[in-house]
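**Student:** Here the protein sequences line up with chains A and C, keeping their order. Counting in this note's numbering, the first sequence runs from 22 upward without gaps. Counting in this note's numbering, the second sequence runs from 22 upward without gaps.
Misleading hints may appear alongside valid ones.
Which copy is meant is left open, because identical chains are indistinguishable; a pair holds if it fits in one copy or across any two.
With a straight-line cut-off of 16 Å between C-alpha atoms, the simulated EDC-like cross-links for lysine to aspartate or glutamate are [stated by the list, open to error]:
(1) K203 - D60
(2) K41 - D63
(3) K41 - E87
(4) K203 - D57
(5) K203 - E54
(6) K165 - D128
To be clear, the hints were calculated from the coordinates, so they are not data collected in a lab. Computed from a predicted model, the values in this text were never measured in an experiment.
Protein chains: 2
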Amino acid sequence: MTAISNKVINRLTLYHCLLKYTCKGKPFIASSEIADLLDLDDSLVRKDIALCGVLGHKKQGYVVDELKKSIEQKLGFSERKEVFIIGAGSLGTALVNYADFKDYGIDILALFDNDPNKIGKEIGGKRVVSLEKLSNLISRINIKNIILTVPPQAAQEVTDYAVQCGVRFIWNFTPTVLRVPKTVTVYYENIVSSFMQMQNASIA
Amino acid sequence: MTAISNKVINRLTLYHCLLKYTCKGKPFIASSEIADLLDLDDSLVRKDIALCGVLGHKKQGYVVDELKKSIEQKLGFSERKEVFIIGAGSLGTALVNYADFKDYGIDILALFDNDPNKIGKEIGGKRVVSLEKLSNLISRINIKNIILTVPPQAAQEVTDYAVQCGVRFIWNFTPTVLRVPKTVTVYYENIVSSFMQMQNASIA
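Pulled out of the complex, with its shape left as it was, chain A reads as follows (with noise of 0.2 Å):
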């Protein structure tokens, strides 16, 4: 994947969500459809669409098939992404049981709790290990990929623990804002930011 703008792989994702459920079975569709959709300008769609090196068809607009596949090699969906998950509570199995990484090359290795009554369970067919088993796991598979789920007051010290374990890129889903040598990229999902801009919209 070439570097791209963290907007348009923003916008090339949802474009792609759109041709996979919204557009099922439809053989065409036109920019302005899906500019309408999702509130874009149709100018914006057809730049973005221009990247993936997919032109239209007059008249009939985009083979949805085959733009679906464009936007898939153009964000590397086929690309295998090994991560673990750290935190095996209801948000790391949300995540687990989130069917639709697989389509986007995301492949959740194993969990990881320090709960002795969670360790050696399953949860949707992943094994849930013990964190003190990170560092010999990362150093075996080579995994630089980490989903963190743990609880907030504890998201610091196990981002320490990860970090010294050689995990270099962290989606976190804590609210938690976490130190990191510089080497180590953090990746906000910060959850709440997305309602508080949904209120605003609504006064707006």
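Chain A is already provided as a structure; the job is to place chain C on it using the hints.
**Tutor:** Relative to chain A, chain C alone:
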């Protein structure tokens, strides 16, 4: 809350997380420390904070408690925002259990589902109600916000029904782009997009 841009809302929410957890117990914080932790420009942080009407003290920076309260006021965390969750699966369960929602004024009143095995039970202290009762409950207690966590294949049908029932704001956790009338606002919690952005950063 006066209208502020989504980017500012996003950053202010992160500053708030930072003050709440990362800086817990600290009396002061400098804008440069916030900027550093979130990999932002110092001047941007100061501009955002100025929007909240808080002035920093020379040398010491901002009073943590004061800044935290000002962000809460600016973003309207103390205003109660009542919501229903539609879809009592693992993601709905995770969101009910997301303790931090309360601090932002987000009050989940009930979950709705059409699974007879779930209806009548409680999840995280909230009742699971039959989806058939949505119309009646909305007209009785005038709720306009829903969190949508149904399977993607059911998302459009449930949305059509919810809109008919009077729902006006949909916080959409499904990977489905929804067709709604112009009077309805959909917020996409585009989970996969964040992951793709993280991957993109790892290549760039």
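**Student:** All the hints need checking, so say for each whether the structure fits it.
**Tutor:** We went through each hint and held it up to the structure:
no., hint, verdict
1, K203 - D60, "between (37 Å within a copy, 9 Å between copies)"
2, K41 - D63, "neither (20 Å within a copy, 41 Å between copies)"
3, K41 - E87, "within (12 Å within a copy, 47 Å between copies)"
4, K203 - D57, "between (40 Å within a copy, 10 Å between copies)"
5, K203 - E54, "between (42 Å within a copy, 14 Å between copies)"
6, K165 - D128, "within (13 Å within a copy, 36 Å between copies)"
When the structure is compared with the earlier hints, a violation turns up for hint 2 alone.
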